[in-house]
Each structure stands twice: as C-alpha cells, then as structure tokens.
Amino acid sequence: MKMDVKSRLTLLTILLVLGWISRWLSQPLLFHAFMITAASVAIFPIAKTAIGGLRYKVIGIDTLVSIAVIGAMLIFETWEAAAVSYLYTLGHYLENRTLKKTRGAIASLLENIPTRVSIIKDNIPVEIMANELTVGDILFVRSGERIAADGMIIQGSAMINESSITGESVSIVKNIGDSVYGSTLIDTGVLHIEAQHIGEDSTYGRIIALVEEAQDKKAKIQRSLETFAQYYTPGIILLSIFVYIMTRDIRLALTLLVISCPGALVISAPVSIVAGIGNGAKNGILFKGGDVMEKLSDVKAVAFDKTGTLTQGELSVEQVVPYDIDHSKLIYYAASLESSSEHPLAKAVLRYAAQLDIRPSMAREVEILPGFGLRGKVDDLIVIIGSPRWFDEQRIPLPDAIIEQLESAGLTVIIVSINEKIHGLLAIADQIRPSAHYVVQRLKRIGIVSAMLTGDHPRVAQSIGRQCGIEHIQAHCLPQDKVRYLDQLKKQYGMTVMVGDGINDAPALANADFGIAMGSYTNHTAMESADVILSSSSLDKLPYAIELSKATTRNMKTNIVFALIVAFSLMIGVLTKHVFLSVGMLIHELSVLIVILNAIRLLTFKSKDA
Amino acid sequence: MNTKYQLQTLTCPSCAMKIKAALGKVAGVEHVEVLFNASKVVITWKNEAESVIPLAEKSAEETLDRIGFPVISKSK
Chain A
0 MKMDVKSRLT
10 LLTILLVLGW
20 ISRWLSQPLL
30 FHAFMITAAS
40 VAIFPIAKTA
50 IGGLRYKVIG
60 IDTLVSIAVI
70 GAMLIFETWE
80 AAAVSYLYTL
90 GHYLENRTLK
100 KTRGAIASLL
110 ENIPTRVSII
120 KDNIPVEIMA
130 NELTVGDILF
140 VRSGERIAAD
150 GMIIQGSAMI
160 NESSITGESV
170 SIVKNIGDSV
180 YGSTLIDTGV
190 LHIEAQHIGE
200 DSTYGRIIAL
210 VEEAQDKKAK
220 IQRSLETFAQ
230 YYTPGIILLS
240 IFVYIMTRDI
250 RLALTLLVIS
260 CPGALVISAP
270 VSIVAGIGNG
280 AKNGILFKGG
290 DVMEKLSDVK
300 AVAFDKTGTL
310 TQGELSVEQV
320 VPYDIDHSKL
330 IYYAASLESS
340 SEHPLAKAVL
350 RYAAQLDIRP
360 SMAREVEILP
370 GFGLRGKVDD
380 LIVIIGSPRW
390 FDEQRIPLPD
400 AIIEQLESAG
410 LTVIIVSINE
420 KIHGLLAIAD
430 QIRPSAHYVV
440 QRLKRIGIVS
450 AMLTGDHPRV
460 AQSIGRQCGI
470 EHIQAHCLPQ
480 DKVRYLDQLK
490 KQYGMTVMVG
500 DGINDAPALA
510 NADFGIAMGS
520 YTNHTAMESA
530 DVILSSSSLD
540 KLPYAIELSK
550 ATTRNMKTNI
560 VFALIVAFSL
570 MIGVLTKHVF
580 LSVGMLIHEL
590 SVLIVILNAI
600 RLLTFKSKDA
Chain B
0 MNTKYQLQTL
10 TCPSCAMKIK
20 AALGKVAGVE
30 HVEVLFNASK
40 VVITWKNEAE
50 SVIPLAEKSA
60 EETLDRIGFP
70 VISKSK
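Chains A and B, in that order, are what the protein sequence lines are.
Position 323 of the first sequence, counted from 1, bears residue number 322 in numbering that gives the first Met the number 0, the numbering being contiguous throughout.
Position 49 of the second sequence, counted from 1, bears residue number 48 in numbering that gives the first Met the number 0, the numbering being contiguous throughout.
It is possible that part of the hints are untrue.
[Unchecked claim] Here are the computed lysine-lysine pairs in the DSSO-like style, where the Cα-Cα straight-line distance is at most 30 angstroms:
(1) Lys57(B) x Lys47(A)
(2) Lys57(B) x Lys99(A)
(3) Lys39(B) x Lys5(A)
(4) Lys75(B) x Lys24(B)
(5) Lys39(B) x Lys281(A)
(6) Lys57(B) x Lys73(B)
(7) Lys100(A) x Lys45(B)
(8) Lys287(A) x Lys75(B)
(9) Lys45(B) x Lys56(A)
Hints in this document: simulated from the structure, not taken from any laboratory.
Working from the sequences, and respecting the hints, build out all of it.
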C-alpha cells in the first residue's frame, strides 16, 4: 500500500469525519468500524518502519506509537487508537514542512549557483548541466546571469555584483585578465571566462560546504540534552511496564509510551541553530557551528587589530613638512628612493607623487636599513628615508616636538635626509573606517569592552584608539604578544574574541582561541582558522553577528525551557490521569511544532539598530 | 573511507539514534554520524572493509530503507 502522506491524511480525515457522523446518527458499530479502519491505515507505515527497526533491535518512537495504537484497539478504545495515529501522522507532516522552512535560508544559498551553464565549444555557446563543467572550459555568461565557477576573464568586460562573496552590493567593473568568482552576478556585459576552480573547489563552493558542516556542529547545551533524552525514553518505557505490573492499568501504561519520546526537547536546540546560522549566511556572516554561536553570545570583550580592521589598511601621505627644500623636490627624492620598495609606506609615497605629477627617477645602490628605512643614491645625492626610531639610534637630532604632535594625531612619521641633513618629514595616515567609532559605541551599549592590538607606535595607537572610542590599547605588539594580551583580557572580562582582517594579523588570528575574520570569504587561511567569518570588510556586520548569536542562543534556551516544562507537565498529567492517549499525543506534537515555529522567527531576525 | 548519504528531511532527532543503532550493526561500519539539520548520514568504514565497500554500502542502503529513511543520493 504505497500512498503519499498528503493523500493518506486526506483519507484519514474523511474516515474520522464519517466515524463521527455515524456516532451522531447513533450507529456505534459503524463508528467503531471507521475508527479501526482509520487507525489501521495510519498505523501501517508506522508499524512497518517499527518492525524494520526491531530487526536491528532498535526501539524508536514508531515502535512505541505502534504498541500504543494496537494496544488501544485491543482494549477497544477505537477513537483513541485512531486519534493517536492520526495526530502522529499529521504532526509529522507539519513538522516536515516547518522544518524545511528553518533550513530554507541555508538551502537558498544554493540558488546562487546556476544549474545550467553555457560554454563555448567550437566558437559557439552550448548549454550544459553545471555538474558537467570541467576546469579549462570557457564559460559564456551574459547580463543577469550568475557565474558558475571561479575563473579568469578572457574576453569582454562587465559590471559584476560580487555581494555573495564580498558583501559589497556596489557593482564593480572587471576586464580581460581579471579574476571572477562563482555565484557572482553580471549586471551588464557579456563575458568569456576560463573556469579555474569549480564545484566545492570554488570560493563559493567552500562557503557552502562550511555552512553545511556548521549547521550540525552542536552547542554545548545540546550534548547534555541528548544524554538526557537517551535515558529519558528507556526510563519511561520501564516506568510504563512497572506501572502496568503494579496497577494493571493498561490505559495509563500505553499513555506513558506515547509521551516517552521528548521530541520537543531533542529538537529544541538544532532548530534554533539551523535558523540562526541560516540567517547569518544570508547576511554575509558564517558561524562555524552552534558552539560558536553560544560562545559569541557570551562575549564580554572584543580585541580589534588596527591595520585593515579599525582602519582601511590603505595608507596615504597626509602631511609633508619640508626643511630648506622645495616641497615637490622633497617628494621627488623620497619617491625615487621608495620606487624600489614594496613596503605599504613606500606605496603611499609613490601614490602621493603620482597625484602631484612628480616622476621619480631610479635610485641606485639602494640598501635596506634595519628597522624601517632605505638608503640609496638619487641623482648622486645620498638619500635616507627611515622611521624616527632609526634616526634616534644613529643619534641624529630630530624635530621631536613636531614628530610628537603628528604621531599624537595618529599619523605615522617617516623622515627624509639628503646628504646627511634632515630635509623633511612625511606624515602618513591610515584612514579609520567610517563605522569604527559607531561600532565601538554600539558594542559598549550592549556591555562589551573594546580593545585594540597593534604593532604601531603607542602615540599613533592612542590617537586612533581615541578616535574610535577605544580605551584599552596595546601598542608595539608582536603577534605572540597579541595572544598573550588576549588571555589577559579573557581573565579580566570573560569571553574575548579577536577581530581581524585575516591579512595583516593572520598569525595572531590563527593563534587566538576565538576569532572573527572580516572581508575574508576569499581568504582561505582565514576561513580555516577563524570561528566566525564576515563577508564584507566593513565593521558593520560585527554588532549584527553578536546580536544574532544572542538572539539564537536566547531562542534555543526558550525552546529548551518550554520543552522541559511540557515534558514535566505531561508526565504529571499522565500520572494523575488527567491526560490520556490522544491528548498526550496532541500535546506532544503541538509542543514540537511550537518549538519549530519559535525557531522560524529567527529567520526574520533583524538588527534593532541598523 | 567514508560514504555520505542524503536522506529525506529528518524530522525527529530521535530518528538519529535509530539510524545510528541500526547502521552500527551493518558489517564493515566503523562509525556513523547523523547530521540532523543537513539530513545526512556519514558512514566511516573499517579499513579492512575496503574491498567489500560496494557490498557494505548496499546493505547500509537496505537498512536505511527498512527503518524508514530511504536514500536520496550518495557521495563519497
């Protein structure tokens, strides 16, 4: 008898209605006949899997329900038998549908991967299934379509919306030679792309694999619940047997079997977690599991890395102080020497020179000075560029007052000397992220302390910290110092998380026992080592991630408390004979549904502030 | 060696216990992990079972079917 659940439910409903009509027409025989038919139709598939389980000596809820229903029929409680099996079937059907919803947010991530793709074969586009794609194929992608793999543009240019990877919703222009990511959307343009990483190898494939794995990583609280359930069910079964032997009350014994599976309790935590993780994933936040959400909801201190996290990590020359030299001449010498360096500070100087249309020449005999600095010959003059610390060590007098003033303003100072004479200072700034101050304030409002870790000079650190509103500052930090300082924060405040961009702070982030990486969906190392990964490099998602983890944990706890109360009340109700078979089943199934519906609320959770 | 099965939506976590117990009795199975939210089950096979994995997989699939969790798809 193969029948899908929907038609089975329809049939059962009809049978039950007919049964009650017969009763109303005072046809008790017909009433019992309809009820027994209904119970038999409903119990058949349940008993089938129950027997399947018994072959492996496994007792599941299906076994217990089958015993209860068959038992009820034997004592001629036909209505109870029909009602229990009907409610069980209906409950499962509704649970199935609502559970799908809790998992919907994660499932919808897959919609960003096209199922059919066009590839160029013998100069014409041919449509194939996405899973038939191989590395080296030339993808043909038009406006409005999503790219199916990571690759390189070999023909065309386009405006691409990369929000699924970078969290930035502003489209960017990409041309021949540029890399593109699978799952990103072409706004306008037509591209030929050579596929380089496909399926689970692609950046987006990795994101999906990570979320899939995360949704089943259990919260701590969940493990204890599962242990509890493991003993609860056999405990109640034993109680039921004991009650029957002592009282010969078969109705009571059967009812105990019906309520012996604490469904709402076991389901309470996983449904909240899957909904919370799903909400995060849709909003560009990856949580690596329920345990991570639990930890983040409890966070008391956030330690920010400076460069690239609180600041944008893009250095620029902010101020130039020439001594006895023309402004553009000074920049010319500095840029010429720096043109051989890859240092971020050097790049800032070169960008600045380019803005002023100053063309640097090639420096000769360039050597790197220990600490930060360079020495070389530009147009036969000896030019040295270095940090104040280097000049201090050489006992070369510096304009200390000005340096201190610049550093206190958060600028990194470098000194230019020409033929052994100080000829200027360059003050270099790293733009603070526009949202940094706001994010720190928002964290403060929910009772979270912010700290900053940086390898930079204390004066620069103090200034940036002040501008962001951060009180706890640790400057001159090496990576190992950062980890030590994190431990210190943890001792002082409790749960501490390190936030970094995964580039400037990779070692510290990898060593921190709890870390958040931002703007890192494309950074595989950061994806591996961090516990929470934010898609965009703006800080805005951080408070949201914390609020979401708090909401998820709260939701989970509400579910657990509710489920415990229901299980306890049911037990009391049954033992005091207020709850009988069908009512027990009804309360049981309702409690499961309520727990699921409560979790679904998390899918629409939004930040109160943003 | 692992085999991963995608099952129909798992609704009760108590079915996880049932799946675990039933599959644990299949020959060649070293470890069973039920991923409730993903509705997947991952079987780790014993090393010595390597040569008979196709057979063992077949009996695992039969077991899942019998206890009411038909397999939708399989991956390594």
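Hint check:
no.	hint	in the structure
1	Lys57(B) x Lys47(A)	holds (20 angstroms)
2	Lys57(B) x Lys99(A)	holds (28 angstroms)
3	Lys39(B) x Lys5(A)	holds (24 angstroms)
4	Lys75(B) x Lys24(B)	holds (21 angstroms)
5	Lys39(B) x Lys281(A)	holds (22 angstroms)
6	Lys57(B) x Lys73(B)	holds (11 angstroms)
7	Lys100(A) x Lys45(B)	violated (36 angstroms)
8	Lys287(A) x Lys75(B)	holds (22 angstroms)
9	Lys45(B) x Lys56(A)	holds (22 angstroms)
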